[in-house]
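Asks: So the chains spell out like this:
Number of protein chains: 2
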Amino acid sequence: MIKEQKKSREVRFWGWGMLGHSFDKDKARAFLEYLQKYYRLSELPDSFFELEDDAYVIPETRLPPKFVDRWIKKGLTLDNKERLIHSLGKSYRDLLRVRSARISHYADGVLHLLKKEDLTELYKDAGHFHITLIPFGGGTGVVGGTECIGVKNSPVLVVDLKKIDALLQLDKTAQTARFEAGILGPKLEETLNNKGFTLGHFPQSFEFSTLGGWVATRSAGQNSTKYGKIEDRVQSLTIVTPVGQITTNAVPSSATGPSIKQILIGSEGIYGIITDATLRISPLPEDQKFVPGFFKSFKDGIHCFREVMQEGTRPSVMRLSDPSETEMFIQIALTSPLKKRLMPYWMKYKKLGDAPCFFMIATEGSRDEVRYSDARVKHMIKKYGGAMLGPSLGDKWKKDRFELPYLRDDLMDHGFFIDTLETAAPWSQLQKIYFDMADAFVNQRGFKEKIVFGCHLSHCYSDGASLYFTFLGLQRKGQELKQWEEIKKIATDVIMENGGTLSHHHGIGYDHKRWMEQEKTPLGIEVLKSIKRELDPDGLLNPGKVV
Amino acid sequence: MIKEQKKSREVRFWGWGMLGHSFDKDKARAFLEYLQKYYRLSELPDSFFELEDDAYVIPETRLPPKFVDRWIKKGLTLDNKERLIHSLGKSYRDLLRVRSARISHYADGVLHLLKKEDLTELYKDAGHFHITLIPFGGGTGVVGGTECIGVKNSPVLVVDLKKIDALLQLDKTAQTARFEAGILGPKLEETLNNKGFTLGHFPQSFEFSTLGGWVATRSAGQNSTKYGKIEDRVQSLTIVTPVGQITTNAVPSSATGPSIKQILIGSEGIYGIITDATLRISPLPEDQKFVPGFFKSFKDGIHCFREVMQEGTRPSVMRLSDPSETEMFIQIALTSPLKKRLMPYWMKYKKLGDAPCFFMIATEGSRDEVRYSDARVKHMIKKYGGAMLGPSLGDKWKKDRFELPYLRDDLMDHGFFIDTLETAAPWSQLQKIYFDMADAFVNQRGFKEKIVFGCHLSHCYSDGASLYFTFLGLQRKGQELKQWEEIKKIATDVIMENGGTLSHHHGIGYDHKRWMEQEKTPLGIEVLKSIKRELDPDGLLNPGKVV
Numbered sequence: 001m002i003k004e005q006k007k008s009r010e011v012r013f014w015g016w017g018m019l020g021h022s023f024d025k026d027k028a029r030a031f032l033e034y035l036q037k038y039y040r041l042s043e044l045p046d047s048f049f050e051l052e053d054d055a056y057v058i059p060e061t062r063l064p065p066k067f068v069d070r071w072i073k074k075g076l077t078l079d080n081k082e083r084l085i086h087s088l089g090k091s092y093r094d095l096l097r098v099r100s101a102r103i104s105h106y107a108d109g110v111l112h113l114l115k116k117e118d119l120t121e122l123y124k125d126a127g128h129f130h131i132t133l134i135p136f137g138g139g140t141g142v143v144g145g146t147e148c149i150g151v152k153n154s155p156v157l158v159v160d161l162k163k164i165d166a167l168l169q170l171d172k173t174a175q176t177a178r179f180e181a182g183i184l185g186p187k188l189e190e191t192l193n194n195k196g197f198t199l200g201h202f203p204q205s206f207e208f209s210t211l212g213g214w215v216a217t218r219s220a221g222q223n224s225t226k227y228g229k230i231e232d233r234v235q236s237l238t239i240v241t242p243v244g245q246i247t248t249n250a251v252p253s254s255a256t257g258p259s260i261k262q263i264l265i266g267s268e269g270i271y272g273i274i275t276d277a278t279l280r281i282s283p284l285p286e287d288q289k290f291v292p293g294f295f296k297s298f299k300d301g302i303h304c305f306r307e308v309m310q311e312g313t314r315p316s317v318m319r320l321s322d323p324s325e326t327e328m329f330i331q332i333a334l335t336s337p338l339k340k341r342l343m344p345y346w347m348k349y350k351k352l353g354d355a356p357c358f359f360m361i362a363t364e365g366s367r368d369e370v371r372y373s374d375a376r377v378k379h380m381i382k383k384y385g386g387a388m389l390g391p392s393l394g395d396k397w398k399k400d401r402f403e404l405p406y407l408r409d410d411l412m413d414h415g416f417f418i419d420t421l422e423t424a425a426p427w428s429q430l431q432k433i434y435f436d437m438a439d440a441f442v443n444q445r446g447f448k449e450k451i452v453f454g455c456h457l458s459h460c461y462s463d464g465a466s467l468y469f470t471f472l473g474l475q476r477k478g479q480e481l482k483q484w485e486e487i488k489k490i491a492t493d494v495i496m497e498n499g500g501t502l503s504h505h506h507g508i509g510y511d512h513k514r515w516m517e518q519e520k521t522p523l524g525i526e527v528l529k530s531i532k533r534e535l536d537p538d539g540l541l542n543p544g545k546v547v
Numbered sequence: 001m002i003k004e005q006k007k008s009r010e011v012r013f014w015g016w017g018m019l020g021h022s023f024d025k026d027k028a029r030a031f032l033e034y035l036q037k038y039y040r041l042s043e044l045p046d047s048f049f050e051l052e053d054d055a056y057v058i059p060e061t062r063l064p065p066k067f068v069d070r071w072i073k074k075g076l077t078l079d080n081k082e083r084l085i086h087s088l089g090k091s092y093r094d095l096l097r098v099r100s101a102r103i104s105h106y107a108d109g110v111l112h113l114l115k116k117e118d119l120t121e122l123y124k125d126a127g128h129f130h131i132t133l134i135p136f137g138g139g140t141g142v143v144g145g146t147e148c149i150g151v152k153n154s155p156v157l158v159v160d161l162k163k164i165d166a167l168l169q170l171d172k173t174a175q176t177a178r179f180e181a182g183i184l185g186p187k188l189e190e191t192l193n194n195k196g197f198t199l200g201h202f203p204q205s206f207e208f209s210t211l212g213g214w215v216a217t218r219s220a221g222q223n224s225t226k227y228g229k230i231e232d233r234v235q236s237l238t239i240v241t242p243v244g245q246i247t248t249n250a251v252p253s254s255a256t257g258p259s260i261k262q263i264l265i266g267s268e269g270i271y272g273i274i275t276d277a278t279l280r281i282s283p284l285p286e287d288q289k290f291v292p293g294f295f296k297s298f299k300d301g302i303h304c305f306r307e308v309m310q311e312g313t314r315p316s317v318m319r320l321s322d323p324s325e326t327e328m329f330i331q332i333a334l335t336s337p338l339k340k341r342l343m344p345y346w347m348k349y350k351k352l353g354d355a356p357c358f359f360m361i362a363t364e365g366s367r368d369e370v371r372y373s374d375a376r377v378k379h380m381i382k383k384y385g386g387a388m389l390g391p392s393l394g395d396k397w398k399k400d401r402f403e404l405p406y407l408r409d410d411l412m413d414h415g416f417f418i419d420t421l422e423t424a425a426p427w428s429q430l431q432k433i434y435f436d437m438a439d440a441f442v443n444q445r446g447f448k449e450k451i452v453f454g455c456h457l458s459h460c461y462s463d464g465a466s467l468y469f470t471f472l473g474l475q476r477k478g479q480e481l482k483q484w485e486e487i488k489k490i491a492t493d494v495i496m497e498n499g500g501t502l503s504h505h506h507g508i509g510y511d512h513k514r515w516m517e518q519e520k521t522p523l524g525i526e527v528l529k530s531i532k533r534e535l536d537p538d539g540l541l542n543p544g545k546v547v
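Sequences listed follow chains A and B, in order. Number 128 in our numbering belongs to position 128 of the first sequence; there are no gaps in the numbering. Number 429 in our numbering belongs to position 429 of the second sequence; there are no gaps in the numbering.
Source of the hints: derived by calculation from the structure; they are not laboratory data. This structure is a prediction, so every number in the text was calculated from the model and none was measured. Careful: at least some of the hints might be erroneous.
All copies of an identical chain are treated as equivalent in the list; a pair is satisfied when it fits inside any one copy or across any two copies.
With a straight-line Cα cutoff of 27 Å, these simulated DSS-like cross-link-like pairs (lysine-lysine) come out [said to hold, decoys possible]:
1. K124 with K529
2. K532 with K115
3. K513 with K529
4. K529 with K152
5. K399 with K340
6. K383 with K172
Take these sequences, add in the hints, and give me the full structure.
Replies: Next comes the structure, spelled out in structure tokens:
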């Protein structure tokens, strides 16, 4: 195991989050014991390893001395640890590589940008010295969006935006707030909360990701069913490109030709660096009500969620687990052996069958709105035969909702892989995608190893929803990356062949690029490339990503 | 006056709508008498004119005979009346020109496209023969979006899409419907109504405009506050360009780079021809409730509307007239002199002051939703001191809501100009725009002639709303076009200087193009042009529009 000092504000470069914080030890143990039984292991595999100080052979920087001289006073650092941390994101593939110290591309330096105005000069110098620039927010991406690949062996400079994080303007009348792009989730939300507002945007990475990262990747938060994805919340934005700046018009809506804003949202650093965004904000909810419970089947739950959305009710959270993810949650949540043993009796008493599906619905807003929405939600749950639990489980879910990524580290410590993959599709396609995925993985029609497979539905719309898949199993020793690639390919092909989108909120980056033509059509890709040629004619920005 | 035969299915090429239908004669007379008094005219000016058969000197077609031979069997017509009808839209400027037979650019021919598959060959031939193509839906645009301007004197072929109008797919589960682009509003809505659904998209032009036109111009319907603008309703679309076809992925949402869909929506025929779109549809509302009434001031109404939106209530219609538009409506609606005389007493009794503002709010959806929303709306109206009228006025409004454009013809017949112009802006900017506009026109700080000025607020969002301005007055004889240009310039400058958008739902076309750099930034324009070069490298499509 990597020796860990309890420095709470230092990031864990080889895993999730901050040093000094981990997944609940009892729950992690309970889940690992469950996996041990499932795989009939006499003992847990041991992947602990000690990283020596010299484990990472980080090459000398290739940044030209002249460039270093010019920028060292403006936020540039060549510190090895900084370079390491900024060389990877937080995907399973990233963690595999960092844990084994097999990193093929290192950042040659990290620029902690001190002020937006420096960007113009930075682009000029980058062009002059042929330096590749990789915009970087919280570094929590899971699709290789900040992979440090240069062009023709050019030096790679990671541009970290986190020092650019001020509130620029708050318009209480229009309920909008303009923030600089490098602001982290908690600071943004706290700033708004103090003024009586919320953005309502809580991606799993909330604690460590930035506004700019959200906008650049079309991120979705756990409460997106009410508040929308980040592209719905951005009223306007500013991007600084190598050939100039664009600030889109800050208006609620317009009919002025193609939307420049929707070209720049999701641009993942290939067109320029997003420096600020004006966001639609909401009054802090007066009330919030949770309704957790179980449906007899995934199908019942899907029908219920669909009907809620199509009648126009807008809960903030609607999350439905399939039977196997439900089982996983029970194994993680119920650390008491007694409760675990009693659970099947409760299920039987509630007539939930042998494949119950856990759900969590939250409604929030004004007291009147919550009263109305909560009543509608409960009406629909009953209509589809769901059983409701007490709301306290909801408070618990809310408290722990950013914890799950930490569990991945415990699993990897003990020789398990765990990867997730998500899509969105019309309601009419969701079950087909789900069953084809289960067929490929559970029935081993595609992937031939025994795995733990789970799925949940969330982020609902009138015309469809997102499906989020979890794949967990024993690492294929010595072939860990190959195993990951196989899973990625099989799962993504199932999605693409069944009318799903390549990604609902993870983005494209490097890992999804090979499917982009299928997603966007070949001509669509040419359109995206033509914009790239216009805004970044010298190809300085984030090469090899998206298109 | 143009001699009019009562052919109800023939379009009125010199005015609005169909021959055989006009604005209510009593109401038109009542309003004209009001204008006569307002301008202290001893008699109404007389702009009647008779158009002789040979009034329009339509030049010989410039389409090459070889091209004509190839396409005459595939929907091409060189008929003069068809060419005339397809040479203009329906703006005041268009009507001025058609009524005076001063049309500088005529379509050289009209192709009633018979099948989408012909487009590929059409582009090939257009390239070969250097023919300019102008996509055309209902021809109801008001910004010169189909102005028949060629490139370097090239022949201009208008491509009318109205024969491509089938329902391709209905997905009752996902609640989406895929239609071909040439379908007219009433047929689309009837098709959906028969299956229990509605698109909920009712622009003023509804009866005569097409789905493709709506999508190409980012149109908004009167019920957009609940159902969204057309860009919110399009789940995906197909465009056929000179270099190939793009069908965007039909999913509820995605994080797959920049949105190609939002590049093509609003492209106004400069990138290609939209051939079909998959639309989000809604169940036919179980119930609909109207609440008409008056506020004491425009400001009270704005505050009320804002609070309704920001607490999350979503009426379908929210429309608020300023005092002068309210006065106009009263003059038009109350044909009985007695009622007209009693009106001020009722206003006094209701303590509405001397500048009351008419409003109309509609809620619709499930019975439960309407019960909730209607109660919230009424609560807010009371909070802001509004007086409510009986709902019957709402039914009347709904019945007559597509009638108003006909009145323009009566006004033009009698020597008046009438033009409208719209924007959208954050709530915090709306009053500033309104007062600056009133200052420019009512106080004659900008426009020096005495006019009748009106404004209403509609199409509401959490962060702002649309303002719609009406300018009405005596035509400046012999300088009608110059007068129109002056108004357009003064009004648009007021909008652009105060943080409004160049257009909320009319589009850009030819008339708004000069302000596009201000709206999109110079670099934004370059982005739009780079896409044009990619999709239409030979510049065949709708030149001189948008960018």
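Asks: Which of the stated hints cannot be reconciled with the structure, identified by number in ascending sequence?
Replies: The structure breaks none of the hints.
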